[in-house]
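K.L.:
Based on the provided sequences and hints, a complete structural model is requested.
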Amino acid sequence: MIETQKSFEQQDKGTLYLVPTPIGNLEDMTFRAVNILNEVDLIASEDTRNTQKLLNHFEVETTQTSFHEHNSKERTPQLIEKLLDGQSIAQVSDAGMPSISDPGVDLVKAAVDAGISVVPLPGPNAALTALIASGLSPQPFYFLGFLPRKKKDLTAELEELNKRKETLVFYESPHRIKQVVDAMAGVFGVERKLVLAREVTKRFEEFIRGTMDEVYEWLSEENIRGEFVIIVEGNEHAETEEVKVWENWTLKEHVAFVMENESLPSKKAIKEVALLRDMPKREVYAAYHELEN
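Note that the UniProt record's numbering gives residue 207 to position 207 of the sequence shown, counting from 1, and the numbers run on in steps of one.
It should be emphasised that the hints constitute simulated quantities derived from the structure, not laboratory data.
Some hints could be false.
[Claimed, not checked] Below, a list of computed lysine-lysine pairs in the BS3-like style, where the Cα atoms sit at most 30 Å apart:
1. Lys193 / Lys152
2. Lys178 / Lys152
3. Lys6 / Lys165
4. Lys163 / Lys281
5. Lys163 / Lys202
6. Lys252 / Lys268
7. Lys82 / Lys150
Keep in mind the model is a prediction, meaning the values are calculated, not measured.
P.N.:
Listed below in structure tokens is the structure:
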């Protein structure tokens, strides 16, 4: 069933506001964001101590409650109950956009399910901020966030990502950055272009641009500090590599593979093969059914 949300119509329920906070420079806080934090009944913060520094700076006196990955299951229904009672809540993460690499998405889903308006505010985001200054193509891009910690899972994830043409964007800590870039070089190749954006918007903001091996060498010589955004050039040969999987197949073999792999009837599989190979559907149909021309 389709649902519509008219964000600013009068209603009995409260509103959940998603309020971005600065990723480093406090001057990036918007007037609207400060006003919302002043107006709501409660602020749900990933780290109340961290957010209190922000509230003190802008002289916001609204009460906070903690809302993070360790208490989200318990706290979400409590916050939904307050919203249903007519209270409005602002959800904030430590820095940047709520719901990106934090538990905010659980609260948003619960609010939507309960028919509560969810109103997002625009504002700081480390991934996009780093991407537009990277010098690599900003669109299309694929944002993953943090990569798996275990080496086996990390390699498997990178091998899947190597099939993508889009510019890739990740977050990483200073403790793992060298290990991750080393793994990327092993999967993507040492000549793939890479940009590290360190401490974005902060006093020691820095961009390191080069190939995988050049950036790894830089990391080997540095005392690494600060949070990183990693931007990786997409694989421009990804489609060519995918074509090689079926380019030596007969048309009948290709149709049979699509039918089995995608659980499609022959009619739809024939259509898909014709589109992939840029050829008339009737030719694929004839080859599959072994019809004489």
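K.L.:
Now, for every hint given, state plainly whether the structure supports it.
P.N.:
Going down the list of hints, with the structure as the test:
{"no.": "1", "hint": "Lys193 / Lys152", "result": "holds (23 Å)"}
{"no.": "2", "hint": "Lys178 / Lys152", "result": "holds (16 Å)"}
{"no.": "3", "hint": "Lys6 / Lys165", "result": "violated (37 Å)"}
{"no.": "4", "hint": "Lys163 / Lys281", "result": "holds (27 Å)"}
{"no.": "5", "hint": "Lys163 / Lys202", "result": "violated (34 Å)"}
{"no.": "6", "hint": "Lys252 / Lys268", "result": "holds (14 Å)"}
{"no.": "7", "hint": "Lys82 / Lys150", "result": "violated (39 Å)"}
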